[in-house]
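Listed below, chain by chain, are the residues.
Protein chains: 2
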Amino acid sequence: MTTITSAETDLDTVAQLAAQLRVDAIRSSTSAGSGHPTSSMSAADLLAVLTARHLRYDWDNPSADGNDHLIFSKGHASPLLYAVFKAVGVVSDEELMTGYRRFGQRLQGHPTPVLPWVDVATGSLGQGLPDGVGVALAGKYLDKLPFRVWVLCGDSELAEGSIWEALDKASYYRLDNLVAIVDVNRLGQRGETDLGWNLGAYAARAEAFGARVLTVDGHDLTAVDEALTAAATGADGRPTVILAKTVKGKGFAKVEDSPDWHGKPFPQDMAERAVAELGGPRHLTVRGPIPETGHGETPPAVTTRPAKPITYEIGAKVATRKAYGDALVALGARDPRVVALDGEVSNSTYAFEFADAYPDRYFEMFIAEQQMVAAATGLEVRGYRPYASTFAAFLTRAYDFIRMASISGVDLRLVGSHAGVEIGPDGPSQMALEDLAMIRAVHGSTVLYPADATTTVALTNAMAGTPGISYLRTTRGSYPVLYPNGETFPIGGSKVLRSTDHDQVTLIGAGVTLHACLAAAATLAEHGIPARVIDAYSVKPIDSATLAAAAAATGGRIVVAEDHHPEGGLGSAVIDSLIGDGLTGLHVTHLAVRGMPGSGTGEELLAWAGIDADHITAAARQLLAGR
Amino acid sequence: MTTITSAETDLDTVAQLAAQLRVDAIRSSTSAGSGHPTSSMSAADLLAVLTARHLRYDWDNPSADGNDHLIFSKGHASPLLYAVFKAVGVVSDEELMTGYRRFGQRLQGHPTPVLPWVDVATGSLGQGLPDGVGVALAGKYLDKLPFRVWVLCGDSELAEGSIWEALDKASYYRLDNLVAIVDVNRLGQRGETDLGWNLGAYAARAEAFGARVLTVDGHDLTAVDEALTAAATGADGRPTVILAKTVKGKGFAKVEDSPDWHGKPFPQDMAERAVAELGGPRHLTVRGPIPETGHGETPPAVTTRPAKPITYEIGAKVATRKAYGDALVALGARDPRVVALDGEVSNSTYAFEFADAYPDRYFEMFIAEQQMVAAATGLEVRGYRPYASTFAAFLTRAYDFIRMASISGVDLRLVGSHAGVEIGPDGPSQMALEDLAMIRAVHGSTVLYPADATTTVALTNAMAGTPGISYLRTTRGSYPVLYPNGETFPIGGSKVLRSTDHDQVTLIGAGVTLHACLAAAATLAEHGIPARVIDAYSVKPIDSATLAAAAAATGGRIVVAEDHHPEGGLGSAVIDSLIGDGLTGLHVTHLAVRGMPGSGTGEELLAWAGIDADHITAAARQLLAGR
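These protein sequences, in sequence, are chains B and G.
1 is the number of the first residue of the first sequence in the working numbering; add one for each residue after it.
1001 is the number of the first residue of the second sequence in the working numbering; add one for each residue after it.
In short, the hints are calculated from the structure, not lab data.
Just so you know, even glycine gets a beta-carbon here, dropped at the ideal spot from N, CA and C.
Check the hints yourself; a few may be wrong.
With a Cα cut of at most 20 Å, we get these calculated SDA-like pairs of lysine to any residue [stated by the list, open to error]: (1) B:Lys-264 with G:Gly-1602; (2) B:Lys-317 with B:Glu-487; (3) B:Lys-322 with G:Gly-1477; (4) G:Lys-1264 with G:Thr-1098; (5) G:Lys-1264 with G:Glu-1192; (6) B:Lys-254 with B:Met-270; (7) G:Lys-1264 with B:Asn-347; (8) B:Lys-264 with G:Gly-1477; (9) G:Lys-1322 with B:Asp-220; (10) G:Lys-1264 with B:Ala-319.
Label pairs and their in silico Cβ distance ranges [to be verified]: (11) G:Arg-1594 with B:Arg-273: 43 to 49 Å; (12) B:Gly-33 with G:Gly-1315: 22 to 28 Å; (13) B:Glu-277 with G:Pro-1113: 55 to 61 Å; (14) B:Gly-33 with G:Pro-1480: 20 to 26 Å; (15) G:Gln-1268 with B:Ala-549: 50 to 56 Å; (16) G:Asp-1236 with B:Gly-237: 31 to 37 Å; (17) G:Pro-1113 with B:Asp-269: 56 to 62 Å.
Turn these sequences into a full structure, and let the hints steer you where they fit.
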């Protein structure tokens, strides 16, 4: 086995390396019985040149701050990525041959960060480049480190709008540390892409979106090397897009440029012929340049300023979205890793308070929610604590990115304002009525829904240390502050706001409906019916113990009200919890938004939906009357 | 009141009309106390010229086949749209002044099709143009009618990738019947857009994406008129993008080009000054050209072919995704309104079978799921019955579009293949584990999850007549056919596959887990434990009666297993149903995917997730042992 490093690697050796990458992509996918050899083979020359001569990466220290970042946006080319990992000596040939796509192994079908050299999970196309924008933002504006972000894209995924959101933001933010290498092999899963080998069309698009474009024959090692050299020198603040014309399956004549071999491993005999055609197995170890060290010690240069203590007067009307802005400013003063992003609605979400206080830690993503979540993901890869906000309804735009961020194992803090019908006159397009269900269904997520300003501050702070995808749902209107300053709100907790020893019914609300529950309880009390009121500010995880105790204490009679569709939200969380705890004898009335709302005042719409105090009162009475 | 129609309307009158539109946008938003007057005023000249001289529309017959289509992609400019409706005489001044944004009224904050002249709901930016692509596809390829699709876009929304997906597809499909009019007023909600008044940058982008671009001063009526005339003549198969440089708040000097007046109605006194500055209220009625009639009678020219009867042998292993393709072909033979779309994975979803049979009714959307759902929406507007398919995981990419389609009231048929961990080696990025929750939470949706080929055919057929968003979840692997040909599967129903008079536990599955439930029941039976098995193929609506009866018959002991995260899916549907029906004494074990999967075989992963036959058997035994 030969180890070659850095500038020593001449292009003849690179050619050997490229053949090895192809051979290993074939061998590993055939051994696994699944995978994408042909999509790997088209990009093998690109990766051979990049890995051997341009990617500055200390393979013995993948967390080194100065390392370049390599993202496979075309995640299905994982056999190529893993072949690179073998070529640099961090994965053994044995692992490649016995671990790829196998149960319990780390060489998964599409790359995920269970591998230390992988930043983000890919495999849902069109996400690696947007994620790379976030990493490059961190490098240029926060880390102020000279690392580069190299993203291998497929041509098929250029049909995803998210790629163009990424290039738009990359040029807006002058990310000359970002290089997209597009493997234009002409063929998608089921035939030709919409632009085929029309590199001119791709070039015009990328240039119009502000990129410097370099077009090369992706199998001409000298040309690729020149392009990568140029890419590494920066381009007057422009991101670089290298359009590489390639041939799918390159290196094995039988499958070259064939539409019939997408995503198919070669049968054993064919694999053997292919490997022979490529000159047989090789076990070169080739490492490229290592970044300069010594950058990792510098703390990020950010402005902070003394935070005013946040205090609210009990009973004062404060919108939770406003409290979010207040809290984020105070948090930013304490924690320089906190950064914020918004989708051009910061004056509605109150993220603008943070933007005003710390402009160098705020990233305006304009109306591009997918890119907002992807940029947050990339910033988190670099160790920052992103808070990304928009109207809760528009977070649905980024659901695939949120799902993938969860697979990436990053900690994202999402904040959705203007939840539910409460928003009133703007109508249903602006009303988040699916968001609780959407985020609850994400693996390992945390869903928080404060009813007042004090709670919002506490939960905004708690999110800073919360792993996985955490979500804060805020409300448009102003409602009374319920809790004293300094009250604690652990994630997974709840508050019992009213209770007696002889409660007859439990009322459960969160956010705006908690206020309705309190009003209903007051009315019920006037009629001699003591009701327990629970603030379920932590929708996931939910406070099962408190719910179970309340159910037991109130004869199983529960009214739960939410400003959300009936599926998958607060009511579902409550019922799942009670059933999961084995409670029997439950009598639950679930009030939720069951019709299609229109415009109106918030009050009118809460009444129309049947989730206001009157309806909660009536539901409690009905439960007590045995329905 | 003067009524002027068609060619008579000179530009002097158009100028009067434009002033009226501004005045009415101001008056209606001030009367409502909310709305977007300044975003309406920037586009008033554009709409005045369009409405009076170019839009071919029979206002007395909004469903006339030959009518042009007008879509406000910038839905927040609803005051302008409703002012147009007044100007053409279909909405009264009184309705404008008392109905806008009011409860129970049809002039909602953002346009929805509760109005007969509105095709689709807008308000989530970046969706009107993609929807328009669908309408234009129908016009050019199916209706073969000469109507044009005019879409008013904001400049802010050009930051959404979906706009570029739309232009990509519009040029690919040579939609010269599509005109995007972009109101480039420079200002977004909280300041300047990322490109401001850089019309050159927008032009380069739109041209690179294949559009003919016309750049005009959006307040020069003559220039606008010339551009709209040119737009109406077609452009060698290219869509037209008119970039209109405009001034936000144009017509009222105090707010012109001000970043401080986004989305704010003028206070009463200011509104009065603005109206005065614009020459006071007017009540012109101006109608433009009416389309030629006689097109509506022609049935769409489509190929059909005799459908082979679909039959499957009981016990034969057939993938439900394959059965979907078979069913769609047969359905297409019977119903010429059925069309299909796919996101470049038709050989995985089996939509290719339809594409092969009826290429003129199949639209390849490449890897652009947002545009796929939007195109389906636009096709449905024209009366077609779209079936749109991709991997279920990637439907998450289009969630905002699905949500908005529901508000649009269109009937969409979505089909997601490769559900759950069952897919095996590809790993978590390709596994749909949130899709049931996502679609269940959409208002009025239907969620179907067949376990075998026979069921799939029946449900695919049933979807053709199902209102709202219906969703079919299919499985990658092949499983035994369970039901005889011709068996019926009503939506909202279920099948009891095993039952005795003395069942001790109920096992509920859908899709792949139903097979596991059957195997578990067989094992339990061997040990003398009779178990009822329910195929919950209709997840929403779910068969509450059958579930309740089973719960009652089996002592409330239920095991429900699903290849989905635990939140919001089948288990949630079952529990919600039982609790909603007031059942008490429940003992439910809910088996679902609670960890983060990796790669492996489907069998390994179903076992790892604890949703295979062994785990179901064990869960049933535990329930019977009283846990």
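Hints versus structure:
1. Between the alpha carbons of Lys-264 of chain B and Gly-1602 of chain G the distance comes to roughly 18 Å, so the proposed pair stays at or under 20 Å and holds.
2. The hinted pair formed by Lys-317 of chain B and Glu-487 of chain B meets the criterion: a straight-line CA distance of about 18 Å does not exceed 20 Å.
3. Annotation: proposed proximity of Lys-322 of chain B to Gly-1477 of chain G is violated, straight-line Cα distance about 50 Å (limit 20 Å).
4. Between Lys-1264 of chain G and Thr-1098 of chain G, the direct Cα distance comes to roughly 18 Å. Compliance with the 20 Å bound is thereby established for this hinted pair.
5. In summary, the hint linking Lys-1264 of chain G to Glu-1192 of chain G is supported, as the alpha carbons are separated by about 17 Å, within the 20 Å threshold.
6. Straight-line distance between C-alpha atoms of Lys-254 of chain B and Met-270 of chain B comes to about 9 Å, which keeps the hinted pair within the 20 Å bound.
7. As the CA atoms of Lys-1264 of chain G and Asn-347 of chain B are separated by approximately 13 Å, the hinted pair is consistent with the 20 Å bound.
8. Taking the CA atoms of Lys-264 of chain B and Gly-1477 of chain G, the gap is about 16 Å. The hint holds against a cut of 20 Å.
9. For the hint linking Lys-1322 of chain G to Asp-220 of chain B, the alpha-carbon distance of about 42 Å lies beyond 20 Å, and the restraint is violated.
10. Of the pairs offered as hints, the one joining Lys-1264 of chain G and Ala-319 of chain B holds, with about 19 Å between alpha carbons and a cut-off of 20 Å not exceeded.
11. Range check, Arg-1594 of chain G to Arg-273 of chain B: Cβ separation about 44 Å, and the 43 to 49 Å hint holds.
12. Distance hint check: the CB atoms of Gly-33 of chain B and Gly-1315 of chain G are about 26 Å apart, consistent with the given range 22 to 28 Å.
13. Here the CB-CB span from Glu-277 of chain B to Pro-1113 of chain G is close to 59 Å, well matched to the stated 55 to 61 Å.
14. Between Gly-33 of chain B and Pro-1480 of chain G the Cβ separation comes to about 23 Å, which falls inside the hinted range of 20 to 26 Å.
15. For Gln-1268 of chain G paired with Ala-549 of chain B, a C-beta distance near 53 Å keeps the hint of 50 to 56 Å intact.
16. Distance hint for Asp-1236 of chain G and Gly-237 of chain B: a CB-CB separation of about 36 Å, consistent with the stated range 31 to 37 Å.
17. For Pro-1113 of chain G paired with Asp-269 of chain B, a C-beta distance near 59 Å keeps the hint of 56 to 62 Å intact.
Comparing the model with each numbered hint stated earlier shows that hints 3, 9 do not hold.
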